[in-house]
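Each chain is listed here by its residues.
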Amino acid sequence: EAGVVQSPRYKIIEKKQPVAFWCNPISGHNTLYWYLQNLGQGPELLIRYENEEAVDDSQLPKDRFSAERLKGVDSTLKIQPAELGDSAVYLCASSYRGLAGNTGELFFGEGSRLTVL
Amino acid sequence: AQSVTQLDSQVPVFEEAPVELRCNYSSSVSVYLFWYVQYPNQGLQLLLKYLSGSTLVKGINGFEAEFNKSQTSFHLRKPSVHISDTAEYFCAVSDPGSSASKIIFGSGTRLSIRP
Numbered sequence: 327e328a329g330v331v332q333s334p335r336y337k338i339i340e341k342k343q344p345v346a347f348w349c350n351p352i353s354g355h356n357t358l359y360w361y362l363q364n365l366g367q368g369p370e371l372l373i374r375y376e377n378e379e380a381v382d383d384s385q386l387p388k389d390r391f392s393a394e395r396l397k398g399v400d401s402t403l404k405i406q407p408a409e410l411g412d413s414a415v416y417l418c419a420s421s422y423r424g425l426a427g428n429t430g431e432l433f434f435g436e437g438s439r440l441t442v443l
Numbered sequence: 420a421q422s423v424t425q426l427d428s429q430v431p432v433f434e435e436a437p438v439e440l441r442c443n444y445s446s447s448v449s450v451y452l453f454w455y456v457q458y459p460n461q462g463l464q465l466l467l468k469y470l471s472g473s474t475l476v477k478g479i480n481g482f483e484a485e486f487n488k489s490q491t492s493f494h495l496r497k498p499s500v501h502i503s504d505t506a507e508y509f510c511a512v513s514d515p516g517s518s519a520s521k522i523i524f525g526s527g528t529r530l531s532i533r534p
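Respectively, the protein sequence lines represent chains A and B.
At position 88 of the first sequence the residue is numbered 414 (our numbering), and the sequence of numbers has no breaks.
At position 68 of the second sequence the residue is numbered 487 (our numbering), and the sequence of numbers has no breaks.
Excised from the complex, chain A in its bound form (with noise of 0.2 angstroms):
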């Protein structure tokens, strides 16, 4: 069974460029996550989708960041215009959560290493 892809897996751009990264969650997994993980530190979430639903976007920064998970499956996370701050690694993860909930199992991409110039 393949895992989470992502794409493209290192980005060089120049400030003020846009940037998207791709995500393609496990097959059948409902639930999808963008994280962002800076040097040296664990991963902040930036929006979590139930389906084609964002149900938690509080922590991305929406004057820049956009997301969209079209019918329900892949994702494309944007920056626009890229500032010199968001170099980081941005990782996709997705999990099931059925009628009982979810049990906290997510799975990781290798995530979308960017640096801004």
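Hints listed in this document are in silico derivations from the structure and should not be mistaken for laboratory results.
Mixed in with the good hints there might be a few duds.
Stated by the list, open to error - Footprint (simulated), chain A over chain B, 3 or more residues, beta carbon under 8 angstroms:
| hint | segment |
| --- | --- |
| 1 | 448-461 |
| 2 | 464-478 |
| 3 | 521-528 |
Note that the structure is predicted; figures quoted are calculated from it, not measured.
Where a beta carbon is used, it is the ideal one built from N, C-alpha and C, also for glycine.
Got chain A sorted already, so can you dock chain B onto it with the hints?
What follows is chain B alone, placed relative to chain A:
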């Protein structure tokens, strides 16, 4: 809101020695607790989890953790470490129920194994 504290940012140990990585969480009526491991240039993967029942939880690669409600701790242990255990370890917490999908991570502990 839940929070997690990992007091040790780095833990160096010799190969075959025992190790304990500490994790404390903010108190709540009930919690789900997790340990994730991140190898270099990889995503995180689940080591073990506590949802309910026995307070001693066994995970992959010989790791185990003990849920201590009175001390609000969930320390990770391994009796004998191997070079391949070199990685970053993250403790995480979530509230059971409707918000169980929101998982909060600690800042991580880097485990380095010396031969």
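Here is how each hint holds up against the structure:
1. Against chain A, the segment 448-461 of chain B contributes 5 residues with a C-beta closer than 8 angstroms to a partner C-beta. That satisfies the three-residue criterion, and the hint holds.
2. Against chain A, the segment 464-478 of chain B contributes 4 residues with a C-beta closer than 8 angstroms to a partner C-beta. That satisfies the three-residue criterion, and the hint holds.
3. Counting residues of the segment 521-528 of chain B whose CB lies closer than 8 angstroms to any CB of chain A gives 7, so the stated coverage by that chain holds, three being the minimum.
Consistency with the previously given hints is maintained throughout, with no hint failing.
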